[in-house]
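Visitor: Given next are the chains, with one letter for each unit.
4 protein chains.
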Amino acid sequence: MSDAPKKVVLAYSGGLDTSIILKWLQTEYGCEVITFTADLGQGEELEPARAKAELLGIKPENIHIVDVREEFVRDFVFPMFRANAVYEGLYLLGTSIARPLISKHLVEIAHRHGADAVAHGATGKGNDQVRFELSALALDPSIKVIAPWREWDLTSRTRLLEFAEQNQIPIAKNKRGEAPFSVDANLLHTSSEGTVLEDPAVEAPDYVAQRITAVEDAPNEPEFIEVTFEQGDAVAINGEALSPATILTRLNEYGAKHGVGLLDFVENRFVGMKSRGVYETPGGTILLEAHRGIEQITLDSGAGHLKDSIMPRYAELIYNGFWFSPEREALQALIDKTQEHVTGTVKLKLYKGSVRTVARWSDHSLYSEKHVTFEDDAGAYDQKDAAGFIRLNALRLKLIAARNARVK
Amino acid sequence: MSDAPKKVVLAYSGGLDTSIILKWLQTEYGCEVITFTADLGQGEELEPARAKAELLGIKPENIHIVDVREEFVRDFVFPMFRANAVYEGLYLLGTSIARPLISKHLVEIAHRHGADAVAHGATGKGNDQVRFELSALALDPSIKVIAPWREWDLTSRTRLLEFAEQNQIPIAKNKRGEAPFSVDANLLHTSSEGTVLEDPAVEAPDYVAQRITAVEDAPNEPEFIEVTFEQGDAVAINGEALSPATILTRLNEYGAKHGVGLLDFVENRFVGMKSRGVYETPGGTILLEAHRGIEQITLDSGAGHLKDSIMPRYAELIYNGFWFSPEREALQALIDKTQEHVTGTVKLKLYKGSVRTVARWSDHSLYSEKHVTFEDDAGAYDQKDAAGFIRLNALRLKLIAARNARVK
Amino acid sequence: MSDAPKKVVLAYSGGLDTSIILKWLQTEYGCEVITFTADLGQGEELEPARAKAELLGIKPENIHIVDVREEFVRDFVFPMFRANAVYEGLYLLGTSIARPLISKHLVEIAHRHGADAVAHGATGKGNDQVRFELSALALDPSIKVIAPWREWDLTSRTRLLEFAEQNQIPIAKNKRGEAPFSVDANLLHTSSEGTVLEDPAVEAPDYVAQRITAVEDAPNEPEFIEVTFEQGDAVAINGEALSPATILTRLNEYGAKHGVGLLDFVENRFVGMKSRGVYETPGGTILLEAHRGIEQITLDSGAGHLKDSIMPRYAELIYNGFWFSPEREALQALIDKTQEHVTGTVKLKLYKGSVRTVARWSDHSLYSEKHVTFEDDAGAYDQKDAAGFIRLNALRLKLIAARNARVK
Amino acid sequence: MSDAPKKVVLAYSGGLDTSIILKWLQTEYGCEVITFTADLGQGEELEPARAKAELLGIKPENIHIVDVREEFVRDFVFPMFRANAVYEGLYLLGTSIARPLISKHLVEIAHRHGADAVAHGATGKGNDQVRFELSALALDPSIKVIAPWREWDLTSRTRLLEFAEQNQIPIAKNKRGEAPFSVDANLLHTSSEGTVLEDPAVEAPDYVAQRITAVEDAPNEPEFIEVTFEQGDAVAINGEALSPATILTRLNEYGAKHGVGLLDFVENRFVGMKSRGVYETPGGTILLEAHRGIEQITLDSGAGHLKDSIMPRYAELIYNGFWFSPEREALQALIDKTQEHVTGTVKLKLYKGSVRTVARWSDHSLYSEKHVTFEDDAGAYDQKDAAGFIRLNALRLKLIAARNARVK
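Residue numbers (full-length UniProt numbering), protein chains in the order written: chain P, 1 to 408; chain Z, 1 to 408; chain A, 1 to 408; chain X, 1 to 408.
Warning: the hint list may mix true and false statements.
Calculated pairs, DSS-like style, for lysine-lysine (alpha carbon to alpha carbon, straight line, at most 30 Å) [stated by the list, open to error]:
| # | chain 1 | residue 1 | chain 2 | residue 2 |
| --- | --- | --- | --- | --- |
| 1 | Z | K257 | P | K257 |
| 2 | X | K384 | P | K6 |
| 3 | Z | K7 | P | K384 |
| 4 | Z | K257 | Z | K398 |
Okay, the calculated bits of chain P under chain Z, using three or more residues with CB under 8 Å as the criterion [stated by the list, open to error]:
| # | region |
| --- | --- |
| 5 | 273 to 280 |
| 6 | 390 to 398 |
Computed beta-carbon distance windows for the label pairs [claimed, not checked]:
| # | chain 1 | residue 1 | chain 2 | residue 2 | range |
| --- | --- | --- | --- | --- | --- |
| 7 | Z | D75 | P | N220 | 35 to 45 Å |
| 8 | A | Y207 | P | D75 | 48 to 58 Å |
| 9 | Z | G15 | A | V407 | 37 to 47 Å |
| 10 | Z | G30 | X | D153 | 29 to 39 Å |
Calculated from the structure, these hints are not laboratory results. Even for Gly, the Cβ is constructed at its ideal location relative to N, Cα and C.
Put together the whole structure using the sequences plus the hints.
Guide: Shown next, in the form of structure tokens:
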């Protein structure tokens, strides 16, 4: 097969499925495999992935285990949160935003090694295949992308395990049976899908949510925290300046402790079907509330309403895998332009599953007590101006009403 | 003054301020005053308003006290909730949506009585004046609108009370001092603004939120309810068919009990300034979550994303007072068209300030377990299709990448 | 092949390509073929298609030749023109809007005959395949769609002609050589693509535009016509009431005579590539100008600007083939709602390639000379109102300027 | 009057009306007047304005006559054309875009002279007052703005002329009678409004259009020109590199010669009424067509459709006077981001009132003949990919159709 890849960079988790893919690539194409394992804050040890890759015959220099947490939050999560991006009203895009980062590294490693292909372990039914592949091809239009789940015939669990056994791939005990559901995790969120979650009319079992404390078990006392922003990005918690990834890590701790950020959701996949997931986004949920809180006093209505109006499109682009696209970048330019003065501090109350802004202050505030007061405003605002304002706003409505009466 | 009104319909609450306005209209213009007092579900006895109006010299046939709760929910609140309307990310428009209803009645009563003017008690700094007046003029372009707060010289509390005393207007004890804040209430929400709330950096005192139980005092056990929708409107709770106003009343009870729907918010007023309010919307917050829940399975992504994209504009129109405008009506036509199959039931969990969808089902569901399953789907979906789908979606991105590499 | 179609309805033009497809369907699948030939106003005799189909063995009762011109204009062209739909700033969607109509008839005929498949002659590179197939599947999700150009191996002109000869399909003389370009025509437009047009840097030869008189040869005298609208649709020309298709036919005559409606255009196809076409839309270009002209006096800015803002999305949906989708239908509901008063008459000047509105009048006009006059307006408008209007519109800009100065 | 201005910068044309304003400011407020006269390319001698100002008692150092043509085109016209901005489908915003530039200079001169106010000669019915004042206040929130037309009692032509005579203001002969219409001109356009144009049902007399040759008198031979763009801005004509203002001047000459750019238009003013104008925009009409032409091959559909979708809002902002607003600036950031590769050359045909792109080429082109060709494409594009693409795009439509059939 002349079109067969010679050298492939595989997004490798160290788990059973990507280990099978690794072996399948070697077997099917006889190609050299390079592994990339990213620490995205998923909360797992990654060194076992090195040992396992070596066991499967990968040369040490072909094994890449990289801590990308700061890059992830700084270059992907934070820009997205500047937009208050929410997909279909509720979903904070925790999986979507990680995929382009992984593809970026796959392509960069491919270039360093002179590899001609990248491979991923996403299935042919989901969004992740689209996100991986659109990102990779936007960064290198000549790279091959291999999606074994769309190609091979290992379409049942039984066949997969047989293949693993035939190829001496170690199988953890709990992987022998059907997993109760499928999990993806990173610093921003943990998602669960499939099997016990497949019927949206049936409540998710309690054990699905593993990251966030059940609200019933959360502390009985509220906790207050202060988040400080500079130009739209969180930079400190309770006055302590922190790196992007550290901020999100801390917010995750606060959120998880107080049961914040659990979502049971049915969404529209880009590939045309609906799916149901349970999403845990403890820190992200706090961050969104805090960002909205600081925008309330630092962003004017013109910029704010403009942002609101393009947000659904921006969120859809990220969900659909178009992070590396001209339109996402143009929207980002718009969003970033609005954040120049989004600087200040928000005080939040965390309690039993909810997070609420309770106060906010900023040197960049546009809030004018002088104008809004019910008390004497010393001439800051002449109420008579409102009469003219209303009359001119009403003029077209009056002309319409007169017309409609005339032609009735 | 030839331009002076002869007969005025006043939006009359029975409180001190609108009583002063009533007397001022009589004094200033020598005009006949007709009162309109609406039961919007604000939770106050309205008959005292009749007695007070009579005391101030209003003829019995000129006093109108009307229960508009069903009309309010059926014709204003429910159409708005079909859109999932939220202003500036968080505010459920509880005050905004009541104003056009009041203006509609003022104008209708004016027509019945041959009155040439309507009057309201909103100040010249807020949004309500705009909402009242745009609505009235859109319904009758020739009607006069009188806004005493923009005209008179009773600009301090002291002058107001003097005027009241001079005119034998009874003053309740607690009205002598400055109110700690200003309150508006109806079936959808209670808002509080002003004085102790004026500094957005200072937390609202606990006593501000009067309608909703403090989360700390809410029950320690979650409660589950089921809300059923037909064509986008809630029609039953826990299987019991109920009228629109009854549904909202019940949801308010559930929400208030569990501390759901409290918002501390800084918003952009249409008249150009920012203001801070505390909003309590117990039933509305549940209704929004439930409506999103049922849309998740009954609305496809095309219609859903379209709705999301125009929602901010729709919410802005309502906030700014353009309910009776061609553009709001055109958007409503779009929204209502999408709701034809938004029929089914949502199960919600209420607990300590939060409301979450936990299950949803519908005969109109678009969710297809057959397509989404990780298990064998018996040919419902060919994963190989995804390869072509991705390749064509990637084509323009590849052409861009090739171009950018070429011209660099 | 158990999946093979048993009975297929083919969109049949009577030309060489669809004749080959007809024979190929019979040969490849051994299936019964039913032909559908639509008179869309393409200006060709259709009865020869009947003879040719019979020659190729189609039973008389399986041959459908239908005049769909009125349906085309009334149910597809006119609704689209209510939106002033223009794709990528310039293209009037003449091909796009015809495809869903054809699919609708294919599916209806399939149901009448108990056929299990439909087939079309569009290639795998263009938009038409998408439009045909999305429309068909939206109307009948279980129907099979056969696109021979994506399946067969007749991928060169030589192979095609061989197949035709082997199967006794008559080949017109001029079809033996390469066509100089590909043409599609209907009552709304004629498009030309391919071969001599493939390089967008090279001007289209004069002979490409066949429908519209060259501007240099158009009359040296301008001509004026009046088009009358009711609720957004053209209903009369120069005072003569006419059916939808007759109106478009007449406008085509006027436009063609005066060289109106020629476009040389590079567009973005849905399948990801750019293509260049020459479009002739004589009547449609006049209709668009006329519709804008009547909207100028009958539509207010609220509805008008809303329409303008959603138009690009509406046009994109039609271009991409989503006529039969919930989002197109919801947008149509919005658009139609705005057209209730778009009634009146527009006078247009046609001359040497251009069409311009020169006057317009309507009983439904919102234009108020009284308000706009530079002369004394007898109190219709108080210029002092503008001061308040401007001051409140400026308020947020002043607060921003003060803030920016403060933090600099 | 403590609030009276002490020193005022007046936008001064040298004509009768602004001369009267000049004198009125001196008389009414006893304030010092500074004049600003801008050469915006309106095609009039400006030195007479100096003489006239001196005659009216303005000190030489208080007279500012500035050639702002390059700034106008570079910083205002070109950024706007990057967006293909068109108001209400047809108007190229020629007056709107000049106003913020004038306000910017008024404020800068005020700061240099320590003036506390600016003044303009726009009436209280139009858009220009809004544009002048929003711009001035956005640049200096503490500046006073004086709009004599909204304040004085010189509300009839007779009163104006009396005032002029009383104050020894020279009156040109033709100014004694009523002007047949009101004219505004700059390098981008000439607009005419009022009197003979006030009835939109009556055709504009031929003498209204003064700048553009009547199409009947335009050359009988077409002319071809080439316009070259870099990053969205025109930089050369027929290969000759030119400054922004020179480019627009040349395009004006081409357009005027060939009768290009005449528009008879009824528009919605921001202040709520409709008005009718005749606009001549010869060079701008060519520039818009050329810019669209070069975007056709250099902009991909993602960025292009995004631009199209926000354009109406962008145009509305400029029309309404919000050039110096956060939302216009944020939209500009989006637009400018899309223009990075809008570089190349467009060939246009000018003839008898029309301008058409006939060819375009660019090193930055995204057009791929290889992909689009009807001929053998050597594997650039696999037509079978389209099947998967269509099937996944159809999936949700099929699920909808199945649902609708089920619940019917």
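Visitor: Each hint: holds or not?
Guide: We went through each hint and held it up to the structure:
1. Z:K257 to P:K257: At roughly 24 Å apart (the allowed maximum being 30 Å), K257 (chain P) and K257 (chain Z) satisfy the hint.
2. X:K384 to P:K6: Roughly 25 Å separates the two Cα atoms, so the pair holds.
3. Z:K7 to P:K384: With a Cα-Cα distance of about 23 Å, the restraint between K7 (chain Z) and K384 (chain P) holds, given a limit of 30 Å.
4. Z:K257 to Z:K398: This hinted pair is violated, its Cα atoms lying about 56 Å apart.
5. 273 to 280: Answer holds; 4 residues pass the 8 Å Cβ test.
6. 390 to 398: Per the Cβ count (5), the hint holds.
7. Z:D75 to P:N220: 35 to 45 Å: holds, 43 Å
8. A:Y207 to P:D75: 48 to 58 Å: With Cβ atoms ~54 Å apart, the hint holds.
9. Z:G15 to A:V407: 37 to 47 Å: Given about 42 Å between the Cβ atoms, the range holds.
10. Z:G30 to X:D153: 29 to 39 Å: holds, 30 Å
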